[in-house]
Amino acid sequence: MGLQAYTGPGWLLTKAEQLINWGRSRSPWPLPYGTACCGIEMMCALAASYDMARFGAERPSFSPRQADVLIEAGTITKKMVPVLRRIYDQMAEPKWVIAMGACACTGGVFRTYSTHQGISDVIPVDVYIPGCPPRPEGLLYALLKLMDKIQKDHPLRKQVVEALGG
Amino acid sequence: MDNWVIALIKVVFIWTWTLLIATLMTWVERRGSAMMQDRLGPNRAGPFGLFQPLADGIKLFTKEDIIPEKAHKILFSLGPILFALPAFSAYAVIPFGDKLIVNGKEIILQVADVNVGFLYVVALGAMAVYGIVLGGWGSNNKYSILGGLRSTAQLISYEVPFGLSLLAVVLVYGTFSLREISLVQQGTFLGFLPNWGIFKQPLGFILFIVTAYAEANRVPFDLPEAESEIVAGYHTEYGSMRLGLYLFGEYVNMYTLAALMVTLYFGAWHLPYIDMSKFLGPVSYGIASFLVFFLKTAFFLWLFVWVRWTVPRFRYDQVMGLGWKALIPLALVNLFITALCIQLTV
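If you're matching them up, the sequences are chains A and B in order. Going by the working numbering, the letters in the first sequence line up with residues 12 to 177, in that order. Going by the working numbering, the letters in the second sequence line up with residues 606 to 951, in that order.
Chain B extracted, bound-state conformation (with noise of 0.2 Å):
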C-alpha cells in the first residue's frame, strides 16, 4: 500500500514539475531570444514577464476551436493528442535524483527504474512524429501536408544516428537502465576528470545533441514548421489549445532530452570530486541531488534557446546529407573505436 501512494506521489510530483518547466521554458525562450536581438520580450504580465504563459495558456483556452471544413475530423484531432502524449509520458524513466531516505524507507527519486530505458525514450521520441504527420495530413491543407512529409524525411536521417550514438553509451556502461548509468558516473576517470559519460563518449555526444535537436524539431532542424518557408509548416491549420498542445509538447520535449543529456553524458545528479552523500543527511542528500540534477538540465535548456538563435535552419536537402553523408558514418565509426577499446581494455 505505502508503496502505491509514493508512486502516486512520484508521478503527479514529475507531472507537474514537468509541466511547469516546460511552461516556464516558454517565458525563458521569449525573454531569451529577447536579450540576444536586444529587445526586452514580454515583461508586463506578472513580474518580470513571468504570468505571461498563464496569459497565453487562459487565451488558447478561450478561443474559438476551428476544425476547417476540409479537413480530416478524426486525425485533425488525433494530431496534437498523439504528439503530447509520448511527450508528456517520455519522463517516466528518466531520474530526476538520487534517492530520498525519510523514516528508514529509501526512495528512488525515478518514476519507474526499467531495465529497458532506452528503448522507452527512443520509442516514444519516434512516436511524436506521427502526431506531426497525421496533423499535417488530416488538415488537407498543401503547407501542412509538406510540413508534415518533412517530418518523416527528417525522421529516417536523423534516428539512426540517434540510435547508433545511444548504442555506444550502452556498450560502455553495459546496461540499459537508466538510473544504473547514472550511478556509475560517479568517482574519477583516467585519474582526474569527473568520471562523466562525456569524457568517455565524446563524439558521441557531439552526435546525440545534434540527433536530439532534431528530435525535437528546433532550430537548425524546425523544417517541419519553416514560417518562412511554409506559413506554419504542419500546425498552419490549428488554433486555440490544440495548437498550444502542438507547442507545449515541443517544450516537453526539450526537457526529457535535456534531462537525458545530463543523465548519459554529464554525470546525472554527481558532483565532479564531491561524493555529497558523505557529508549530506539522508533527505538534504536527496533534495541535493534534486537541484543539482536540475540546474545541469537547465543549462541544457537554455542552450536550445542559444542554439536557436545562432544557427541558421538547415536547407531541406541540407539536413538529409548531413543525417546520411556524415551523422550516421561518424555514429558507426564512434560505435566501432568503443567496441574496440572495450575489447581491448576487459
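Next up, chain A with everything else stripped away, as it sits in the complex (with noise of 0.2 Å):
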C-alpha cells in the first residue's frame, strides 16, 4: 500500500468546518465603534425597522473581548488611529471588520492634516460600505455579504495544515 496522497480534507472535517461556519456567521456580535455620523446610521440598523438582530447581529458589546465584528462607522482622525489599531488587537481571533461610510474607506470629504485617509492601512478590513453616510440597508448589506465570507472560511483546515507542518 505505502503512503497514499492526501487528496482533501475529507468528510468529518469538511462537515465540522461547515457547522463552525454556520455557528460563527449566525452570531456576529458586533462591537460599535460609531465616531461620526454613520454612528447614528448604524444605531437605527440595530433598532426597530432594520433590526440586525435578526441575522444574530445581536448584543453589541462595548468590551472588546466579547465582540466578533468590529463595525467601524464614521471619520477617524490621526489622534483616533492608535485606539482603534488598540481596540482591534483587544478582539479575540476571529474577528471580522466592516468600514462602514466614505470616511472610514478613504477619508471621504476630509481630505485634510487631521484626518487618516481609510483604516485599511491600520486594520485589514473585510467589507467597505461606500455611502456618506449609508443607509441601514447598506449596513445589513454588509453583514449578509460579511456572513457569506465567513462560510468560505475553513477555520479547521488552517489548524490541520499547520500541526502537519505545512
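Source of the hints: derived by calculation from the structure; they are not laboratory data. Heads up, the beta-carbon is just placed ideally off N, CA and C, and yes, glycines get one too. Hints may be right or wrong, so weigh each one.
[What the hints assert, rightly or not] In silico contact screen, one side only, chain A against chain B (beta carbon under 10 Å); selected entries: (1) 37; (2) 66; (3) 74; (4) 97; (5) 122; (6) 123; (7) 124; (8) 132.
[Claimed, not checked] As a list, the in silico DSBU-like pairs of lysine-lysine whose alpha-carbon atoms are at most 35 Å apart: (9) A/90 with B/675; (10) A/90 with B/883; (11) B/883 with A/26; (12) B/704 with B/930.
[As the list claims (entries may be wrong)] What the simulated footprint calls covered on chain A by chain B, stretch by stretch (three residues with Cβ under 8 Å from a Cβ of chain B suffice, anywhere in the stretch; the number is not a length): (13) 51-65; (14) 75-87; (15) 107-114.
Build the complex: two chains, separate frames, hints provided.
What follows is the structure, encoded as C-alpha cells:
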C-alpha cells in the first residue's frame, strides 16, 4: 500500500467546518465603533424596523473581548488611529471588520491634515460600505456579505495544515 | 441497585432539562425583548430562530481563549467556574413534579429530598457572588473590579431580606424540606382560596421576588454588569466560553429561582381546586404534575424578561437604600406578624 497522497480534507473535517462556519456566521456580535454620523445610521440599523438582530448580530458589546465584528462607522482622525488599532488587537480571533461610510473607507470629504485617509492601512478590512453616510440597508447588505465570507472560511483546515507542518 | 439507577436517571434528566431550558431562555429573552421594542429578534437560524442559542454556543466554543497578560491567571480561570457550578447544582433539592409509579415502585420527582433544602438553595445562591468577585478581581481591570465590588455591596443588602422572607415561609409550614412544603399546598385556604403560599405570605412573596431579582443579577438590579456605566462590569475581560459560562449561569439561576417561587408560593404542581391524582393514572399523574409545575415556572421565567424591559436600573445607592431601609424592616415586620398569627392560631 505505502503512503497515499493527501487528496482532500475528508468528510468529517468538512462537515465540522460547515457547522463551525454556520455558528460563526449566525452569531456575529458587533462592536459598535461609531465616531461620526455613520454611527447614527448604525444605531438605526440596530433598532426597530431595520433590526440587525434578525441575523444574530445582537448584544452590541462595548468590551472588545466579547465581540466578533468591529463596525467602524465614521471618520478616523490621526489621534484616533492608535485607539482603533488597540481595540482591534484586543478582540479575540476570529474577528472581522466592516468599514462603514466614505470616511472609514477613504477619508471621504475630509481630505485634511487631521483625518486618516481610510482605515485599511491600520487594520484589515473585510467589507467596505460606500456612502456618506450609507443607509441602514447598506449596513445590512454588508453584514450579509460578511456572513457569506465567513461561510467560505476553513477554520479547521488551517490548523490541520499547521499541525502537519505545511 | 435499582435506586442508584433511578437516582442517576433523575440527575441526568434534571441536568439536561435545566440546561435546555436555560438555552431556550436566551432565545426567549431575545425574541421577547425584540417584541417589546417592536423588532423581530433573531429569526434566521432555524425555524423562528430557535437554533440561535446553538449558533452562539458554537461561536463561543470556537473563539480564541484570551487570558489578559496582567490578569491573575488562577482567579481569572476560577471565576466563571465558581459562578456556574453553584447555579448548576442548586436545582438538586427543588422538586420538578410529584411522583411517578412505575411497576409498583414509587419515584419521587426530585433529585434529593433534603430536610434542609432551603438552606442548601440559599447557601449555593450566595456562593455565586464569589464567582463574580473573583472574576472581577482576577481580571485586573478597573471596570471589572467596580463590577465585582458592586456585587458584594448588593449581596449584603439583599441577602438578609431574602433569608428573612424564606424564614417566614418556614414558620408557616414548619419544615425546611421543599417537598413537604409542596405537598401541604393541596386543597383550599379559608374555604375559597387555593391553599397556596402566596395567600398566606403576600408580603413575603413581594419581598422574595424583589430579592430574587437581585440574587439573579437581573434588571433592575444588574449593577455588577451595568453596561451603560462600567462597560460589561465583572466580565469585561472575558471572551469565548468563559463569558458563555457567566451568561449561561445567569439563566440557570433564573430557572432555579423561578422554580423556587412556584414551590414556595404558587402551590408547586397543584392545580387550584382540582386534585389531579383523583382521576389520573399513576404515570399520567406524574407527567401532568411535571407539566403543571413547568408551566408555572415558565410564567415566572417570562416575568424575568418582562420586568427587564419595564423597570430601569436602580442607582447604586438606591439599591442599598432599598435593601436596608425598606426591605429589611418590611421582612422583619412580616416575620413578626407571621409568628404572631401562628402563635394565636395554634
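So, going through the hints one by one against the coordinates:
no.: 1; hint: 37; in the structure: holds (4 Å)
no.: 2; hint: 66; in the structure: holds (5 Å)
no.: 3; hint: 74; in the structure: holds (4 Å)
no.: 4; hint: 97; in the structure: violated (13 Å)
no.: 5; hint: 122; in the structure: violated (34 Å)
no.: 6; hint: 123; in the structure: violated (32 Å)
no.: 7; hint: 124; in the structure: violated (33 Å)
no.: 8; hint: 132; in the structure: violated (24 Å)
no.: 9; hint: A/90 with B/675; in the structure: holds (26 Å)
no.: 10; hint: A/90 with B/883; in the structure: violated (76 Å)
no.: 11; hint: B/883 with A/26; in the structure: violated (52 Å)
no.: 12; hint: B/704 with B/930; in the structure: violated (43 Å)
no.: 13; hint: 51-65; in the structure: holds (count 6)
no.: 14; hint: 75-87; in the structure: holds (count 3)
no.: 15; hint: 107-114; in the structure: violated (count 0)
In summary, the structure is inconsistent with hints 4, 5, 6, 7, 8, 10, 11, 12, 15 from the numbered list given earlier, while agreeing with the others.
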